[in-house]
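Read off the chains here:
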Amino acid sequence: MLSNRIRLIFNMTTLMLLSFALMSCTPENPQSTFDAQGPISEIQKNLFLFTFWIAVIVFIVVEGAIIFVTFKYRRKNDDLPPQIHGNLRLEITWTIIPAIIIVIIAIPTVFGIWETQVMPDEEDAIIINAVGHQWWFEFKYPSEEIVTANELHLPEDKNVIVNIQSQDVLHSFWIPKIAGKVDMVPNHENKLWFRADNPGLYYGQCAEFCGIVHAMMRFRVVVHTEENYQNWLEGMRTPPKSVNSGSDEDEGRKLFVGNCSMCHTNDSYKKAAYHKEINSQYNRWEEWKKDKENSAIVSAPNLTHFGNRLTIASGIKENNYENLVKWIENPDSIKIGTRMKNHANIYNSDKKLTDQEIQQIAKYLLSLKPENDSMASYNQELKR
Amino acid sequence: MSNQDVTIQHGEEIKNSTGVSNKKLLMWAFLGSDVMFFGTFIGTFMAYRNKSLNGPYPSDTLDIPITSISTFVLLMSSLGVVLALHYLKESKMVLAKLWLILVIIMGMIFMGFQVYEFSHFAHIGMTPQANLFGSTFFTLTSLHGAHVSLGIIWLIFLLYNEYKGNLTSENAIDLELAGLYWHFVDIVWIIIFALLYLITAGDGVPPGGLPWIAGQ
Amino acid sequence: MSSIIGPKQFQIPRIFPRPMSHSGIWWWLGTVDHKKIGTMYGIVSFFWFIMGGIEALLIRVQLSQAENDIISPELYNQLFTMHGTTMVFLVVMPLSAAFFNWLIPLQIGARDVAFPRLNALSLWVFIFGSILMNISWLTGEAPNGGWFGYPPNSTIQFNPGNGMTFWVLGLNVLGVASIAAGLNFIVTIINMRAPGMTLMRMPVFTWMTFITSILIVLALPILGVAGIQMTGDRVYGTNFFNSEAGGDPIFWQHIFWLFGHPEVYILILPAMGIVSEILPTFARKPLFGYTFIVFSGIIIGFMGWFVWSHHMFTVGLGPAANTAFTLSTMLIAIPTGVKIFNWLATLWGGSIKFTTAMLFSIGFIAMFTIGGLSGVTHAVSPSDAQQQDTYYVVAHFHYVLFGGSIFAIFGGLYFWWPKFTGYMLNERLGILNFIIMLIGFNLQFAPMHWLGLDGMPRRIYTYAENMGWELSNLAATIGGFLIAFSVLIFMVNVFISRINKKLASGDPWDARTLEWSISSPPPHYNFVEIPKVEHIDDWWYKKYPELLEGSPKQTKSPKVTVEDTSNVDESKIHLPDLSYYPLFVGVGLSIAALGVIYSYALVTIGLILVFWGCIGWSTEPVNEPHEKHH
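Chains as they are written, first to last, in our numbering: chain X, 832 to 1215; chain B, 21 to 236; chain V, -16 to 613.
Derived by calculation from the structure, the hints in this document are not laboratory data. The model shown is predicted, which means the values in this text are computed figures rather than measured ones. Don't take each hint at face value.
Claimed, not checked - Subject to a maximum C-alpha distance of 25 Å in a straight line, what follows is the list of computed SDA-like cross-link-like pairs (lysine to any residue):
id, chain 1, residue 1, chain 2, residue 2
1, X, K1107, X, E1149
2, V, K484, V, L58
3, B, K184, V, C597
4, X, K1157, V, C597
5, V, K536, X, P913
6, X, K1022, V, G229
7, X, K1121, V, G229
8, B, K44, V, I598
9, X, K907, V, D493
10, X, K1148, V, L58
11, V, K539, X, I915
12, X, K903, V, Q537
13, V, K336, X, R905
14, X, K1120, V, I580
As the list claims (entries may be wrong) - Label-pair ranges, simulated between beta-carbon atoms:
id, chain 1, residue 1, chain 2, residue 2, range
15, B, G185, V, F594, 21 to 27 Å
16, V, A303, X, C856, 19 to 25 Å
17, X, G1089, V, F468, 56 to 62 Å
18, B, K184, V, T587, 26 to 32 Å
19, B, V102, V, I118, 56 to 62 Å
20, X, I923, V, N449, 50 to 56 Å
Using N, Cα and C, we set each Cβ at its ideal position, and we do this for glycine too.
Just chain X, same shape as in the assembly:
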């Protein structure tokens, strides 16, 4: 009969939904919010699961009632069913019960809000200034006077307070396994705090629509042991390995200075480089604003010790020679719509680079690692 068929459809749909739900337990995926690796994401996950299971109960009750009703009360004859208009007691009951459930959910929620959104003491915390740009992330360590881009390095088990800013449009700073997102808003300084429990490599992504290539604004977070973190800090202040004169790397260095360094700084290991870079970025931004169509200068990621970075193009491709050559040759092949492609002279004038020149620049960039290369050890751990 029709109603049996319909009951079957409803049942199948419910079954399908439940089986899909089982598929969702994939904490091993790089941006899964179920794999909480710090107290903030843990609290957020637990609050979600708490609400979720209550919702599942309500779901079973309601959907169960629907399935039951469609079977039991299908029309069997022409008899009129009892013409009930309402039942005040019942209606009050099913107003009060949801109200109680809401209160039950609200209480831990409010505690969770205050726990996750009130900043801890700044004295014991690492302070980061994260600035959103179209379409890359800038990370500054004001007390360490280090500036980098698209890859955030942190020690485990220490509170981190991020001052979240934006240079241009809305962006959002999100590392799903570590903490929920906070938006990057021009003219505002938002704050986010978190702690990472375990060393490892974590994925971040911009989560507020920010223009043409929002989809490809991502970043990596490297959480170190305290010792490796200190090594990293030290490395960021160490000059890179010197290159042999006349080598490809040396040629690449000269080309870099001539074609890239007006936008990309790569020597922030020097003393007083931190404030210099802040000024430079500000000036580049002002330059770009003067002529948004044709300016040859834009804000661009800092490339100090680029050789140790895990990815290029803000978390899009693995940082290796092949990808880097492809990127320099034509950024659109990896990430459509970048300012680099639209503004850099090497794409928009007669000053195009030859293949050999591109390769030399790539080799040079990959050679940018600290002299003592204290960072090499953990890189191995992180190559998943």
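Got chain X sorted already, so can you dock chains B and V onto it with the hints?
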């Protein structure tokens, strides 16, 4: 609508559920939505108060004494509308027309003051593009002025019909509706005058310096 | 103004004579009949439903595989912006308006709405506004800033070109249409109910329309202001959202969502009204708890104003504000939940016939429950920090807007189709329509819940290979095509049924409210005699007065039948004459808006048309003097 007669009637002859004619109810509902409209613009003005990054600032530009005169004129015009309606209902047509003419003139005087004020502002560099104050001030007052202007046109139209003999004590509701609209526009102006002129006209350079800008 | 009837009635000279004949194209272009207007709303918004659906399918094709490159990021951003804008403003709202137009006068026992020409204006402003917004596709620059257009990304500084200007002007024009309609229905429902129809005897659909209309006239002006401010910024250089001048992007979000949250109740309350009519009809028992359902609607309409910043939990408002909005959002779940239980109780103990309309209504309850529950998880602001701007949100709002509003609208189409057209839709095709839509819908949107929890953000034109998102995205794409197929089945159903023309009586469902007491389709004057109303579901109790005293097992045959129109003397009937002024004004408004982008000449032409149209309209009598009638 009666049961026997299938003819549709409109206007106040309908035996309807509230005793308020459809047109009057429409005007009240419309004014309710206009409250949200002006309320949002006024809210914008107040939210952006003291946030302009550069001048001209209210204290450089706004002139309370002059605007008080135009405010007074507008307030008196509301009284005028009440009187015009009263005399129309009593069929005292000469007085009704006189007061309606006076209301129109007073409305035009108010608009004249606005035009004078705006051109003066433009001269001293206060434009909608200059800063936040310019943007919020001009949009709010211009839209109010547009409402006044539409009201004046409406009143002129009613005056014309009074002369033609089409507007009489029997359909005085049409003037009453215009009157309701006019009073609303007046009340909005009172709020604008109180907030933009009386309360914030002394604002100069924002206290506390400029908002934080990325780059630091 | 139109009652300035005097011996020297002033009409401005006409460019061409007033249409009077009840045939031909001008019968439609100049109509002021709520039934025709409703039909036109329905046809045009269904067309936009197809367009919005195509936009969605293109999105799904692009996302079906990782690192796909079928659709460029620029086109993709336009597609999702227009899909969202179309579905909200050009589909759900006007489809609801189609139902308001058709049903409100019929349900309250009136001959038309309070202001028939204003009603026509709403229609034409909607039609030309929707064309205005979509002309942008032809210029190659459709809006690309998302359906909520957040600055600074939507400012002229970061988004040069005309795309977002089309968006903001289109929205303002459409807002005029909605506000005019809202005002009209408020006056109609308050003032034009049949004798004896107190507020608490109105059908639930009428109640929900009433609350929706109040929300519309209060919320749309707020969007209008945001639109004017953004137009000022983009076209005239004002600074409202210009961060360089100190403008605050968060301010746009506040204004937008102060509109936007009441807007979602505007989108769902009519659907709840439709479902509240269908369930009792096919369960053969009254709606359980009429009073609770009406009051919960009123409470939702009221509380909906206090929750807006739950769309802004990640924007940095601070723990105090986030707590306040968390609590207010949780509270609004209560009246919503109450309705679900009342609907279930309506079905409980009933004698249920599974017509297509009933299936969609039951489907509504099932799907809306899921959407409502995911909404409750959003209210928890800490975990919302993980969900915001991910596919989890996309899942939530599609469950309530598609599984909710669209399902209810389809149910309403199947239910009232005989009343609108005079013939029945094919039930077997209808059931097929429902089943495939239900399966396709769930296949498309259920996976989005865990895609979101798995970290997939919204509004991305592609995603990396190693994220683990491919299977769910592929499933969602297949689901999308199934939905498209089910819509095709609906269209085939309409076509075939029109050919077969299985004529419908006035009351084919043995239903409960006044619209079923007249023929299908109704005569142009609706009722021969305005009914005298004595109960809720008055038609039902007029048919079966024995039910007033108890619950007999069987009903006797109906005591009254559908109104007989054979003895009506049509020459005595004077409904408002046709008018072309609303069309003029509607066209003029969109031309003026277009002129803001392209040239002041166009603005002038548009405004002249508007003014001329308004003056003509206000001096035009409702009816021409008798000798002009045919």
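Hint by hint, here is what the structure shows:
At most 25 Å may separate the alpha-carbon atoms for a hinted pair to count; K1107 (chain X) and E1149 (chain X) exceed this at roughly 29 Å. Under the criterion of a C-alpha separation no larger than 25 Å, the hint pairing K484 (chain V) with L58 (chain V) is inconsistent with the structure, at around 43 Å. Between the alpha carbons of K184 (chain B) and C597 (chain V) the distance comes to roughly 20 Å, so the proposed pair stays at or under 25 Å and holds. Between K1157 (chain X) and C597 (chain V) the CA atoms are separated by roughly 63 Å; this puts the pair beyond 25 Å, and the hint is violated.
This hinted pair checks out: K536 (chain V) and P913 (chain X) have alpha carbons roughly 8 Å apart, not beyond 25 Å. Restraint check for K1022 (chain X) and G229 (chain V): the C-alpha separation of about 20 Å stays at or below 25 Å, so the hint holds. Our distance criterion of 25 Å between C-alpha atoms is met by K1121 (chain X) and G229 (chain V), whose separation comes to about 18 Å. With a C-alpha separation of about 19 Å, the suggested pairing of K44 (chain B) with I598 (chain V) holds against the 25 Å cut-off.
Between K907 (chain X) and D493 (chain V) the CA atoms are separated by roughly 17 Å; this keeps the pair inside 25 Å, and the hint holds. For the hint linking K1148 (chain X) to L58 (chain V), the alpha-carbon distance of about 23 Å falls within 25 Å, and the restraint holds. For the hint pairing K539 (chain V) with I915 (chain X), the CA-to-CA distance comes to about 19 Å; that is within 25 Å, so the pair holds. Restraint check for K903 (chain X) and Q537 (chain V): satisfied, since their Cα atoms lie roughly 20 Å apart, inside the 25 Å limit.
With a CA separation close to 6 Å, the supplied pair K336 (chain V) and R905 (chain X) stays within the 25 Å bound. Proximity of K1120 (chain X) to I580 (chain V) is assessed by CA-CA distance (about 24 Å); at most 25 Å being required, the pair is judged to hold. Against the hinted window of 21 to 27 Å, the Cβ-Cβ separation of G185 (chain B) and F594 (chain V) comes to about 25 Å, which satisfies the hint. The hinted window of 19 to 25 Å between A303 (chain V) and C856 (chain X) is violated, with their beta carbons roughly 35 Å apart.
Taken as a hint, the range 56 to 62 Å holds for the pair G1089 (chain X) and F468 (chain V), whose Cβ atoms sit roughly 59 Å apart. For K184 (chain B) paired with T587 (chain V), a C-beta distance near 29 Å keeps the hint of 26 to 32 Å intact. Checked against the hint of 56 to 62 Å, the C-beta distance between V102 (chain B) and I118 (chain V) comes to roughly 47 Å, which is inconsistent with it. Under the hint 50 to 56 Å, the C-beta atoms of I923 (chain X) and N449 (chain V), about 53 Å apart, fit the expected range.
Checked against the numbered hints given earlier, this structure breaks hints 1, 2, 4, 16 and 19; the rest are met.
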